[in-house]
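The task is simple: from the sequences and hints, build the whole structure.
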Amino acid sequence: MNAYLSNLNQIESWFFSLAEKQAFFLPRKTQGINYRFEFIDHQQPLDLFSYKPTILPPGKNIFPDGEILFTYNKDNNGHYHFHQGTAIHSQLLAGVRACDLKGIYLLDKAFSDGTKDSHYLQRREKTDIIAFNCTTPCDDHCFCEAAQSLDFQTGADIFITPLFPISSNKEVHKKQQCLLEILTPRGAELIKSLVSQKCSNPQKLIKQALENRPKPFGRQFLTPVKQLSKVIHQEDAESIYQQYAERCFSCGTCNLVCPTCYCFDTKDELNLDGNSGQKTRHWDACLNPGFAEVAGGHNFRADPAARQRHRVRRKFDYLPQRFEQTFCTGCGRCGRQCTTGIDIFDIVNDVYLSIQESKE
Amino acid sequence: MKPKIAFFDFASCEGCQLALLNCEDILLDLLELVDLVEFREALSEKSAHYNIAFIEGSIHREEDTKRLLDIRSRSQYLVALGACACNGNVQARSNFIAPAENYKLIYGEEARNRVQVDKHYWPLWAHTRVRSVEEVVKVDFHLRGCPMDAGEFLTLVKALLSNQIPHFPANAVCVECKRNANECVFDKGMSCLGPIAYGGCDAVCINNGHVCDACRGLLPYANVDAHNELMLKKGISKEAIQSRYRLFCSAEKISQT
Amino acid sequence: MKTLSDSVIKNSYIPIMAEIQSIERLSKDEMLFRVHLPQPLNHHPGQFVMVGLPGIGECAISISSSPESGKILEMVIRKAGNVTGVLQQLKKSDLISIRGPFGSGFDLDEFRYKKDNGIKDIVIIAGGLGLVPLRSLIIPIMEHKSDYGRIHLIIGSKTPGEALFRSQIQTWRSQPDCSITELVDDPDLQEWDGDIGLVTEPIHKLKIDEKNTLVVLCGPPVMYKFVLMEIKMNFNIPDEHIFVDLERRMRCGLGKCGHCQINHVYCCKEGPVFRYSQLTDLAEALN
Amino acid sequence: MATNSRSATKATKKTVHIKIDHVTRLEGHGSILIDVNKGTVENLKLEIVEANRFFENLVKGVPPHDVPQIVSRICGICCVGHQLAAIKAVENALNLSISPQTRLLRVLLNESQFLQSHALHLYFLAIPDYVGVKSILPLASSHPKLIKKALKLKKLANDFTTVLGGRALHPMMPTLIGWRKLPDRNKLQALLERLHESVQDIEEMVDFIAQLKWPDYERETEYVSLRHPNEYALYEGEIFSSDTGNSVPESDYRQVTNEFTVAHSTAKWSRWNRASYMVGALARVNNNYEQLFPQAQDIANTLNLKVPCYNPYKNNLAQMVEIVHCTYHCIDTLEQLLAQDLQLPDLQYQSSEGIGCSAIEVPRGILFHEYGFDKNGICNHADAVIPTSQNINNIEHDMKHFVPQMLPLMEKDDLASHMEMLLRAYDPCISCSVHMLDVHFA
Ligand SMILES: Cc1cc2nc3c(=O)[nH]c(=O)nc-3n(C[C@H](O)[C@H](O)[C@H](O)COP(=O)(O)OP(=O)(O)OC[C@H]3O[C@@H](n4cnc5c(N)ncnc54)[C@H](O)[C@@H]3O)c2cc1C
Ligand code: SF4
Ligand code: SF4
Ligand code: SF4
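Chains D, A, L and F are the protein sequences, given in the same order. Under the numbering used here, read the first sequence as residues 2 to 361, first letter to last. Under the numbering used here, read the second sequence as residues 59 to 315, first letter to last. Under the numbering used here, read the third sequence as residues 85 to 371, first letter to last. Under the numbering used here, read the fourth sequence as residues 35 to 476, first letter to last.
Keep in mind that the hints are not guaranteed to be accurate.
What the hints assert, rightly or not - Where chain D lies over chain A, by a calculated footprint (3+ residues, C-beta under 8 Å):
(1) 243-252
(2) 277-284
Said to hold, decoys possible - Label pairs and their calculated CB-CB ranges:
(3) A:Ala228 / D:Thr87: 26 to 34 Å
(4) A:Pro227 / F:Gln377: 35 to 43 Å
(5) D:Gln228 / F:Asp380: 47 to 55 Å
(6) F:Glu324 / D:Ser91: 54 to 62 Å
(7) L:Glu324 / A:Lys60: 58 to 66 Å
(8) F:Asn77 / A:Asp283: 53 to 61 Å
(9) L:Arg109 / D:Thr87: 36 to 44 Å
(10) L:His228 / A:Asn238: 55 to 63 Å
(11) A:Asn238 / F:Gln377: 17 to 25 Å
(12) F:Pro178 / A:Lys60: 15 to 23 Å
(13) F:Gln223 / A:Glu120: 49 to 57 Å
(14) D:Gln32 / A:Lys60: 45 to 53 Å
What the hints assert, rightly or not - Take a look, some chain L residues computed to stay more than 12 Å from chain D by CB distance:
(15) Ile107
(16) Leu116
(17) Tyr197
(18) Met313
Since the hints were derived computationally from the structure, they do not count as laboratory data. All values reported here derive from a predicted model rather than from experimental measurement. Positions of the beta carbon are idealized from the N, C-alpha and C atoms, including for glycine.
In structure tokens form, the structure reads like this:
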């Protein structure tokens with residue numbers, strides 16, 4: 002595929018021109034210390050390369066909370082008529098990082114496995130992605146390399162690598178160059194409105210740019226992730242899960258911010274007229290105590306440690322068995338946002354350690 | 059037959075009833091579906107039996123207890139409406155002060171002594187303890203919050219109208235913060251009771267730049283120890299933490315310590 | 085992702101509406117619904133459907149009728165909460181919503197008596213509402229009895245008032261090579277002509293060819309552990325030959341919403357019927 | 035009862051006993067008790083039977099920024115007023131100052147509450163009396179257009195409060211020094227347009243009110259309101275009395291309210307230059323008529339409200355006049371605000387020892403708050419005097435004057451309903467009023 006060179010100034014005005022044509026989301030710093038994918042609607046200066054994983058991952062734009070699955074109405078003869086739910090519009094997600102690309106890729110897998118999920122897949126089809134490469138770990142929570150998502154490109158239409166060093170405290174110069182790799186025909190379409198020049202030796206430039214990346218890149222597991230999955234699959238490590246569960250609020254934050262969590266609840270709503278209504282779906286969290294409760298009050302995962310284990314295993318054992326991919330992208334969101342400081346990275350390392358210790 | 063609905067207020071700001079009057083968009087439609095038989099704030103009619111009785115306010119006096127028991131005996135479902143009814147709200151803070159002391163502080167000793175001998179009016183004054191509705195009668199449903207959430211109110215009424223039992227998930231406020239992509243209050247250098255508090259408010263305070271003070275009360279599974287530890291770790295003094303817990307949740311366990 | 089083969093995917097949440105043909109009260113909390121479908125579901129025994137009313141909700145309900153029942157679908161619905169409560173208030177000719185069939189179910193072929201796989205004995209143990217899904221397996225077996233080997237039914241209920249499908253069970257008794265034990269935990273001062281006790285009690289008396297036996301269990305969560313223990317103690321039946329039918333909370337039925345997950349499997353997709361051999365890897369299954 | 039002996043002599047020899055428990059369509063619990071024996075009023079009481087909530091004790095022990103949040107719960111209808119009064123008083127106690135932008139926002143927030151409260155009271159609570167029905171429900175079918183308009187105005191006011199404060203009840207965006215989060219510009223812009231549109235609706239509502247008949251009853255009293263040199267005083271000002279024609283500063287509020295306790299009321303009572311005084315819309319319009327927007331003065335003319343007006347029932351008309359005034363004033367203020375670039379203020383403050391009070395006009399009259407803080411910045415003193423507790427005394431005086439005068443002309447039921455209407459005309463907020471006298475903690 003083709004590659005182009007362009008500078009930040011040009012990219013910025015390109016983004017503004019794209020934003021005029023369709024819903025355009027880009028990470029933007031909040032008033033505090035976080036970032037958030039926000040709708041770009043007027044020409045405020047963009048801060049393209051300062052970044053840390055957003056509060057919610059961009060995949061949530063494809064799997065929105067509260068989406069209407071269908072609406073219905075009952076006519077005078079008592080017949081039901083069903084209508085498709087929330088209209089699906091095209092959108093462009095820019096500034097998506099490799100870890101979140103992988104997150105979206107994994108959601109694609111999950112939602113097309115078996116019965117296809119029309120709402121997700123149709124919105125996915127209408128979502129264009131301009132991804133950014135990472136040249137430095139976002140912060141202390143990141144472990145994307147260990148989770149095998151660094152340099153992940155699948156699913157992006159355009160993949161941008163900055164050809165200059167990025168450090169969080171220095172202003173990046175607007176004249177600095179970026180390399181844009183076109184990965185899909187849609188990407189080729191999008192790039193048309195960018196002032197750029199064709200690049201003949203992209204591989205070399207990328208190699209140079211990435212050479213200076215810190216090694217290792219971000220936190221590393223005590224053992225390769227494949228091995229880790231095996232341990233987590235085989236060993237219960239009850240006491241480790243218990244230990245973390247004692248601090249846990251069962252608030253579900255870790256689930257809701259995770260790019261690969263997609264569990265949901267559905268809700269049927271009746272309008273006041275009694276003859277029409279809708280079915281909606283809402284993000285759910287397996288860490289919430291009521292998640293596995295059934296009628297009659299039996300709860301299949303009443304114990305917080307069991308819920309903590311379920312989350313960890315889902316990422317490192319259960320879903321990998323199904324899709325042959327680790328379902329943790331190493332974005333670090335769950336650890337970053339857990340108010341009580343529970344980090345899945347620590348849990349899996351502790352599980353591994355406890356096994357090693359018990360062997361000794 | 060349309061279900062008979064009634065509202066009764068005890069010690070409260072009457073804001074929950076007002077929150078209902080504020081649902082201008084649906085008010086008239088709703089009134090088509092139900093028979094509003096008692097709503098002192100907006101109506102002059104009265105009735106003997108109620109399908110749904112909404113109780114607003116906390117219970118302070120013998121007088122109020124009697125009235126509440128009477129309402130319960132005439133109601134099919136009884137709903138505690140808003141924080142005052144659900145957990146005593148801020149006025150339950152006065153439980154930390156003896157009633158006699160309360161009177162002295164507010165009306166002065168002389169006035170108190172004068173009124174106390176008045177057989178006719180003393181019952182109006184005879185404040186005992188601030189109690190939630192559930193401490194006095196059986197409550198079928200709780201509509202939490204100060205004020206209650208109009209969306210939840212509607213969910214409840216619609217469910218009961220279609221013979222269903224309304225269900226309000228017991229989730230932390232953090233869940234709704236995530237749904238709103240809020241920056242966590244802790245990340246802004248402030249502190250929050252959201253992780254141990256009942257959600258259902260759509261995290262409205264945090265959405266609007268404030269913090270959560272748990273006006274909806276504590277979750278049944280609230281991990282208070284972990285929260286206390288978290289607050290201490292953030293450098294908040296023991297006294298300040300206690301003052302926070304006692305703001306809206308003075309009736310709850312955490313405030314007793 | 086850009087190359088979706090079928091660019092318009094079916095909205096799997098939109099149900100079909102079926103008309104209720106009859107509702108029959110079976111016990112205090114349970115009712116038999118017979119509904120008329122626009123087209124046959126072509127289900128396997130042991131599969132389930134998501135049943136409900138638009139605007140009210142849906143819940144998982146096992147198919148109780150035979151795979152050969154065509155456009156007629158039978159279900160037994162117990163009043164357990166909201167949706168089931170509202171469904172029980174419906175009347176003949178009302179509409180209800182159906183999605184499905186979902187889940188794995190049983191493969192009747194495996195149960196047939198064939199020289200090569202040599203299955204001779206089928207043991208079916210049902211506790212309470214567990215009979216409902218198993219009925220979709222028992223009926224086709226009884227109707228084509230000559231294709232199958234010996235059948236042993238152990239059917240338990242709490243009280244005589246809760247015993248389901250008694251007259252139908254009576255008709256099964258006349259089949260050749262068929263033994264049926266009906267039990268109640270507690271006769272509860274009512275008339276009862278069956279046995280008294282738990283479903284575990286008759287197990288050791290079964291006369292079966294261990295190596296060529298299929299066992300099917302369905303009942304409340306507490307039943308499984310004890311019944312399995314009893315079987316293991318008395319017989320040497322391979323784990324692949326024992327089937328259990330499990331229940332979980334379900335929202336979508338499509339293996340997505342995550343509520344029914346049991347370790348790495350989705351109860352709605354890989355289940356609700358599992359071989360016991362699968363469960364050794366599913367620590368959460370018999371929770 | 036001495037004041038009424040003169041009228042009683044003229045009365046017939048009727049004996050009437052009236053007891054109205056828990057008067058409906060008003061905020062809070064009040065009862066009216068009237069015993070007339072052979073033409074002599076033996077007993078007339080306005081009982082306030084609301085349970086005590088001891089708010090002044092509740093704020094004891096909390097840090098400054100929690101005070102406004104707690105006292106907001108004194109009353110749902112006046113929550114904005116209580117918050118703003120508390121915020122101003124705490125700022126005075128701690129010597130904090132605010133930016134002009136914050137003042138504009140507060141003025142708007144306060145007036146948004148005037149719009150909502152007046153619209154609610156007028157259309158939902160008071161007007162049914164004058165049309166002769168028991169509630170708004172029959173009006174919804176007999177006057178659908180009018181009720182839709184009233185709902186629309188109320189909704190506009192609520193949305194206004196929501197955009198400015200975060201929600202319509204117990205808003206959380208305003209706090210000490212400024213705003214926790216800035217109101218959304220686009221939403222403010224949209225509100226400005228809706229305010230412009232609502233002018234038309236309001237005129238139609240005025241037409242409806244203009245044709246209603248008001249009881250022909252007058253009793254001159256002392257009218258007390260805030261007064262400000264540059265504007266129709268709502269957000270701030272000095273305390274003005276129609277009796278003296280002079281103002282005193284807000285810090286002298288105790289000298290105005292002179293609170294005292296009576297057994298039949300859990301709310302405290304007030305008096306200033308004579309036995310009782312009146313606060314609220316009528317007092318404000320009487321005192322500050324000249325500062326009303328010309329459009330509001332026109333409406334006063336249309337409604338035949340001539341100042342000074344001594345008919346307490348016409349408080350309802352004064353409310354309508356204020357709806358018009360606030361609508362125009364909000365349009366002006368909002369335009370002024372939107373012309374600026376909104377800044378989020380730094381909300382850090384140093385808490386210190388101190389005591390401070392404030393006065394603000396809320397829909398029902400002047401509201402006074404006062405707070406003190408110890409050297410750790412923890413609240414140790416609180417006092418609040420609510421408009422209704424200032425008015426109750428005056429209402430009872432009105433009743434004592436009204437009953438003997440009207441006894442010969444009215445049947446019992448008519449008399450009772452006129453008493454209820456009189457109480458309602460003041461738009462009393464009884465839950466607010468239940469608490470009291472100075473509290474000094476150690
Ligand atoms: C495969 C399978 C087959 C089944 N077959 C049958 C059958 O043949 N017959 C039969 O009678 N039953 C059957 N069941 C059980 C049946 O599905 C349940 O009884 C039914 O779901 C109850 O639903 P309900 O709406 O009536 O109860 P609900 O009122 O929904 O209560 C269900 C439980 O979920 C919780 N809950 C409800 N709504 C929410 C919410 N929004 N958020 C969080 N928690 C919530 C409640 O706390 C309660 O514990 C089967 C179940 C499965 C999984
Ligand atoms: S975010 Fe943290 S506290 Fe909340 S459920 Fe997850 S692990 Fe527990
Ligand atoms: S488990 Fe945590 S680190 Fe892994 S993908 Fe999810 S949020 Fe990111
Ligand atoms: S702000 Fe409060 S409620 Fe929201 S996520 Fe943080 S701790 Fe939870």
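Comparing the hints with the structure gives:
no., hint, in the structure
1, 243-252, "holds (count 6)"
2, 277-284, "holds (count 4)"
3, A:Ala228 / D:Thr87: 26 to 34 Å, "27 Å, holds"
4, A:Pro227 / F:Gln377: 35 to 43 Å, "39 Å, holds"
5, D:Gln228 / F:Asp380: 47 to 55 Å, "51 Å, holds"
6, F:Glu324 / D:Ser91: 54 to 62 Å, "60 Å, holds"
7, L:Glu324 / A:Lys60: 58 to 66 Å, "59 Å, holds"
8, F:Asn77 / A:Asp283: 53 to 61 Å, "59 Å, holds"
9, L:Arg109 / D:Thr87: 36 to 44 Å, "41 Å, holds"
10, L:His228 / A:Asn238: 55 to 63 Å, "59 Å, holds"
11, A:Asn238 / F:Gln377: 17 to 25 Å, "24 Å, holds"
12, F:Pro178 / A:Lys60: 15 to 23 Å, "20 Å, holds"
13, F:Gln223 / A:Glu120: 49 to 57 Å, "54 Å, holds"
14, D:Gln32 / A:Lys60: 45 to 53 Å, "49 Å, holds"
15, Ile107, "17 Å, holds"
16, Leu116, "19 Å, holds"
17, Tyr197, "33 Å, holds"
18, Met313, "21 Å, holds"
Of the hints listed earlier, there is not a single one the structure fails to meet.
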